Amino acid sequence: MSVSTVADAKDAEIATKAAHIALTVNGRVRHLDLDLRTSLLDALREHLHLTGTKKGCDHGQCGACTVLVNGRRINSCLTLAVMHEDDDIVTIEGLGSPGALHAMQAAFVERDGFQCGYCTPGQICSAIGMLAEVREEWPSHVTIDVASPHIALTDNEIRERMSGNICRCAAYPNIVAAIRDVADGARR
Amino acid sequence: MRPFTYERATEPRAAVAAVSRAGAGAKFISGGTNLVDLMRLEIERPTHLVDISRLPLKDIEELPDGGLRIGAQAANSDVAADRRVRTRYPVLSQALVAGASGQLRNKASIGGNLLQRTRCLYFYDTAAGCNKRDPGSGCSAIDGVNRMHAILGASDACIATHPSDMAVALAALDAQIESLGAGEAARRIGIGEFYRLPGETPHIETILQPGEMITGVVLPPPPAGRQIYRKVRDRASYAFAVVSVAAIVAAERGTISAARVALGGVAHKPWRSLEAEAALTGRSATIATFRAAAEAAMANAVGRGHNDFKIELAKRTLCRTLAVATEPS
Chain A
49 MSVSTVADAK DAEIATKAAH IALTVNGRVR HLDLDLRTSL LDALREHLHL TGTKKGCDHG
109 QCGACTVLVN GRRINSCLTL AVMHEDDDIV TIEGLGSPGA LHAMQAAFVE RDGFQCGYCT
169 PGQICSAIGM LAEVREEWPS HVTIDVASPH IALTDNEIRE RMSGNICRCA AYPNIVAAIR
229 DVADGARR
Chain B
5 MRPFTYERAT EPRAAVAAVS RAGAGAKFIS GGTNLVDLMR LEIERPTHLV DISRLPLKDI
65 EELPDGGLRI GAQAANSDVA ADRRVRTRYP VLSQALVAGA SGQLRNKASI GGNLLQRTRC
125 LYFYDTAAGC NKRDPGSGCS AIDGVNRMHA ILGASDACIA THPSDMAVAL AALDAQIESL
185 GAGEAARRIG IGEFYRLPGE TPHIETILQP GEMITGVVLP PPPAGRQIYR KVRDRASYAF
245 AVVSVAAIVA AERGTISAAR VALGGVAHKP WRSLEAEAAL TGRSATIATF RAAAEAAMAN
305 AVGRGHNDFK IELAKRTLCR TLAVATEPS
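Going line by line, the protein sequences match chains A and B.
Offset between the first sequence (1-based) and my numbering: plus 48.
Offset between the second sequence (1-based) and my numbering: plus 4.
If you are wondering where the hints come from, they were derived from the structure by calculation, not from laboratory data.
Please note that a few of the clues may not be correct.
[Unchecked claim] Computed footprint of chain A on chain B, listed as stretches where at least three residues anywhere in the stretch have a Cβ under 8 Å from a Cβ of chain A:
| hint | region |
| --- | --- |
| 1 | 5–19 |
| 2 | 31–41 |
| 3 | 87–94 |
| 4 | 99–107 |
[Stated by the list, open to error] Covered by chain B, per the in silico footprint, the following chain A stretches (three or more residues, Cβ under 8 Å):
| hint | region |
| --- | --- |
| 5 | 96–110 |
| 6 | 127–136 |
| 7 | 169–181 |
| 8 | 194–205 |
[Claimed, not checked] Restraint-style ranges between C-beta atoms, simulated for each label pair:
| hint | chain 1 | residue 1 | chain 2 | residue 2 | range |
| --- | --- | --- | --- | --- | --- |
| 9 | A | V190 | B | T290 | 23 to 33 Å |
| 10 | B | A262 | A | N204 | 29 to 39 Å |
| 11 | A | D134 | B | G194 | 32 to 42 Å |
Here the structure is a predicted model, which is why all the values come from computation and not from measurement.
Glycine included, each C-beta is placed from N, C-alpha and C at the ideal position.
Looking at chain A on its own, in the form it has when it is part of the complex:
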């Protein structure tokens, strides 16, 4: 590994302009030579050619670049690829395939949860991460009492928790319906 770990300062090996790193994406270990400035998003799209993850604003404001890292949703545009060695990264390509859709992908199709589709991979990764957060009973801004140990997943909760994903076509009502279908299905 050419990225140093500073355990003993004297032996520190410092990555200069580029680094040879290994990223685990959709269960596969991928070796890459990257300029240190490369965002996780650009590593996925430009180097691994996993173009399902989209670049919208590149500032963390739109959510189109959302991926799952160690099971949690993050904005891949606001993090450096070199910081993600040893992490388990899942993109839209790792969730399902045309013949075997993930339940959330199928629900978006069923409910027509998109128009142009550009934000959709980010919406789907975000929704999957969000439902995991609800299963862990995390509170949100619209939770009446944050001290309450149980979270009731109202539509208002879904909207609040998905506010980091912008849909310029405004397919929001159908996105909420798709997520609700999956949440209710998981509960049965």
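Guided by the hints, dock chain B onto chain A, whose structure is given.
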């Protein structure tokens, strides 16, 4: 983005030594949600990054006095969801979930939240004068579009606000910041002393010394009273505060026995109002008392044009928060 070198720290003292060794161009990076954006815009131009995201500073621990210590590398979402924080410090949990988005809260660290930079549009616009970004270049906000800017504690050099919701709750909770200095000396800083007002040097935002790293946040035992964070913003979610209030109020038989008040979106730092607290303590929990406290909190407020409305908005937001905090349960 300018080129930089990179190393990863696995131990706090080694991280501090690494930044110290690399000199003035070195920065710590953790969640990166603010720093990577600012680097892309070339507002931040570090020549060396020390990655502290893997330091073993993620735990939330019980303290013997009944308080909590939160590791600086804990994610915002982990702290917001922690059972002890939710039940004993609900104002902190409420403030955290009022900020940013789910994705950002999963990545952003507690230490990084404290040190995030202002979202003043002129700070972001590299064609504009900004004493915070480029000392001596002037302040374009003072005569510019300053709707989001400070009404308290500002200077002619800078009227930017601190963007954190979390820090407002921490101000009300009298939190302390734990840090490790370049000489490897650890210290604790009260949040009231941690942030600086802009004065003539708005680019210096905290009293941290170069190379000093935040290692944790200490919460004293929870104060008596009901805790509420109320945020007013331009849309229902995922926007910075126009005005926010963190209040912790204890009332017995209609009389306020103790009160803590902090405001966000109004100043260069989370704004604790001892004046409002003094106007509340020992008084009856009535709208007249709340209004008097609000007047006291805003006695020295100065508008800059577009943000004049924030003075009255802050008063009303404080009154409403106090009314909810003192409602009979």
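Tested hints:
Taking a C-beta to C-beta cut-off of 8 Å, the region 5–19 of chain B contributes 12 residues in contact with chain A, enough for the three needed, and the coverage statement holds. With a cut-off of 8 Å between beta carbons, the region 31–41 of chain B has 6 residues touching chain A; three or more are needed, and the interface restraint holds. For a cut-off of 8 Å, the count of residues in the region 87–94 of chain B with a CB near a CB of chain A stands at 4, and the three-residue condition holds. Residues of the region 99–107 of chain B with a Cβ under 8 Å from some Cβ of chain A number 6, which satisfies the need for three, so the listed coverage holds.
Proximity of the region 96–110 of chain A to chain B, defined as three or more residues with a beta carbon under 8 Å from a beta carbon of that chain, is established by the 3 residues found. Beta-carbon proximity to chain B at under 8 Å applies to 4 residues in the region 127–136 of chain A; the threshold of 3 is reached and the given coverage holds. Here the region 169–181 of chain A counts 4 residues with a CB under 8 Å from a CB of chain B, which clears the bar of 3, and the coverage holds. Given as covered by chain B, the region 194–205 of chain A passes the check, having 3 residues with a CB less than 8 Å from a CB of that chain where 3 are the minimum.
Under the hint 23 to 33 Å, the C-beta atoms of V190 (chain A) and T290 (chain B), about 30 Å apart, fit the expected range. Range check, A262 (chain B) to N204 (chain A): about 33 Å between beta-carbon atoms, so the 29 to 39 Å window is met. A hinted range of 32 to 42 Å for the beta carbons of D134 (chain A) and G194 (chain B) is consistent with their spacing of about 37 Å.
When each numbered hint is compared with the structure, no violation occurs for any of them.
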